[in-house]
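Please build the complete structure, drawing on both the sequences and the hints.
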Amino acid sequence: MVGGYAGKILEVDLSANRARVLPLNEADAKKFLGGRGLMNKLLWDRLKPMTQGFDEANQIMFFTGPLTGLLSGNRTIIRFKSPLTATTTGLNLMGHTATGGNWAAELKFAGFDGIIVQGKSPEPVYLFVHNGEVEIRSAKHLWGSSIFETEVKLKEELDPFTRVLSIGPAGENMVRYACVNNEYFYSGSRCGAGAVMGSKKLKAIAVRGTLDIPVEDSDTLLELEDTVYKELTSDPATTYARKRWGSTTANISSSDSSTGPLWNWREAHWGDEIEKGGAFQFESRLRVKNRGCYGCPVPCNQLGIIREGPWAGSFDIPDYDSTDLLHPNCGVTDPNGVFALSAFLDKNGLDSISTGNTLSWVMECYEKGILTKNDLDGIELTWGNVPAMFKMVEKIVHRDGIGNLLAEGIRIASAKIGKGSEKFAMHCKGVEWGVGGAGNNRDKRETFCYVMSDHGGVHLYGTNIDGQNRFAVADSITICMRHLGFDQNSIQLPSLSKALKAATGWNLLTNKEEFDALANRILILERAWNIREGLRPDRDDILPERVFTEPLTRGPKAGTPAALYDRKQFEADKQEWYKARGCNENGIPTKETLSKLGLDFVIPALEGLVDL
Amino acid sequence: MKNAMQIFVDHNLPGCSGCRICEKMCALNHEKRWNPAYSRIKVYQFYPGPIDVPIVCQYCEDRPCVKACPTKALTYDASTFTMKVDESLCTKCQACNRACTDNGRGGCITFHPTKGTAQVCNFCGGDPQCVKYCPSNVLHFFPVSRFPKRLAKSPKVIADRIADQLYPVKKRIG
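Same order as they appear, the protein sequences are chains A and B. Taking the numbering used here, the leading residue of the first sequence gets 1, the next gets one more, and so forth. Taking the numbering used here, the leading residue of the second sequence gets 1001, the next gets one more, and so forth.
These are computed hints drawn from the structure, not numbers from a lab. Heads up, some of the hints might be wrong.
[Stated by the list, open to error] Think about it this way: if two alpha-carbon atoms lie no more than 25 Å apart in a straight line, the pair counts; the simulated DMTMM-like pairs of lysine to aspartate or glutamate are: (1) A/230 / B/1010; (2) B/1153 / A/159; (3) B/1032 / A/226; (4) A/155 / B/1087.
Structure, rendered in structure tokens:
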């Protein structure tokens, strides 16, 4: 058996209430590494075409990669048919999300590279995975509990060292953007992974393991542990900033550089108001300490607690994206309010990015009179009204009244409400925009990150070809994206290649060309899968109207060409991406590209659907 | 080692981040395995928080664990100032760890996941890897003239103390 991997995949069928162990396909592992890449292949092979997000036939996969549990590898990558990501005609597409913490490493110690869950259970269940075994247990006593309560209860029930990945009431109620959390706050939030788990009545996956991860050449890998530790902390200033503030400093810097979201992405620059939230407010009012994922030498999550006011006692780990969408994008000026909302969303299992976007969209509708107080069940959702936001979130979680419509995400909600609200519904392929990276730039970065992403408007697809390649490979080896920037505080390519060699014995990623080819293979397979599932890039690769028609009027970009995205430029940027990735002008990967990348198996399936 | 030493676990701010590099490096140094189950240091996690509490042998002067060992497998070597486990004598009875917890201490002795024999911190022969790699400056290695039992407490007691220090509000879930 090849090292680095546990060599086994757990397949759980909830309809039949049984589980079995599948061997890891080594040829596929060598071709796609693991995590994101391997799951693309598995989804291609296993999922019936045109399965929809909430169908019984949908499968949700939780995977690790060859370096998980070794070096700084600690990411769990989750892929599934998303109930949120969709074409303009409403066909569901790829769902992808990732989370840190200790869960991924623990799964490897429990003897599995990944878990595939299919079918639907009639009763609530949770999985207990331990040392190569799995039990499907009743979760009736956990159903309805918040994410925090679920984790506490399961740790009491099983073992204090159990790592738990669970959904909250929002996931149970199949809110289309419900998240899954592990270790309380480490959230796999995008694309509705929690909703899929909820639709399968799967409350949690608890993992405990004490098995070894086999490696090919342990002496070399042991030396690399030290090398990588040094590389990841090579720049003292970055290390210090990440440990002290994490990503939350970007709230302020993005507003200052006119790239942040403000008032439902209408503006990008908030001036001095932005200082009412962000890293320094969080630090002085809330911060307790930093927390890190397994084996990470730069722990960058900032744990905080609200110390006074109505929300005293709320715990959370706020990060840039979740706080920025709740803070300037909803016009909130109370840092405690932002933090309390973020904690409330984590507790109930809602994605704070999608929820922030949904709330800001409703606020704009309310401001423009498209939605009235009556439509909103008596809630006056004005900009920055934190108590009203709490009430609305409560309604979304329980799909109560207007919350039932908002729980469908803004793609469906804006189509239902109409009256021009689609023009400022800030989503791509149904997934509400994240902010890191592309942000409110209104240029090529938005095209590359939000439009080209095969899992909708997520912020972690990469804003340029290089970035996309790095992210694709990081998600497949399952190390943190921040550890694969190839700049300061990053694993360098030679060490990465050596580590893969020492772990698996395979000569992989030995140079930049190989690295890019592997990433392209992963990304093109994603696109091909989406095309099989109904994506037509010429029709579906679009941006919301706002970026073309409503110029930014505040800050350094006001009055300059950068305030607006030019439609012609958008078309040119799209073509640039298609060309760079080996697609034709309609965005379909060409036969040559597919053959060159070793993806011949997709050609027959696509041939009948589109012109290759 | 020339002097008696102690791994001092600093539970003050900024606290342990829960990254478990200490566990990973400990298991690697002692057993060359990528598996924190072989670690002699263990990070407990408590909620609300999560508050992370690393527990490692504090080398108490009275050593209830050594007294409790029925086969004298667990001994203290006064010439090197380190604890030793003789695996051939160890009967896997776990009496040492029970004595540790029963005396209100951390329960710092771990057990080999497959053999079941006791594992205890021996300072990696004078260069403890957990201290070397701790990214949060929580673990320190100090020479001592006497061993204060101040830190040889159960993880729950330490977590409660940290919580009182850090969160001057009512503790509750959520």
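Now for the hints, and whether the structure bears them out:
1. A/230 / B/1010: Answer holds: residue 230 of chain A to residue 1010 of chain B is near 23 Å, not above 25 Å.
2. B/1153 / A/159: With a Cα-Cα distance of about 20 Å, the restraint between residue 1153 of chain B and residue 159 of chain A holds, given a limit of 25 Å.
3. B/1032 / A/226: holds, 14 Å
4. A/155 / B/1087: violated, 32 Å
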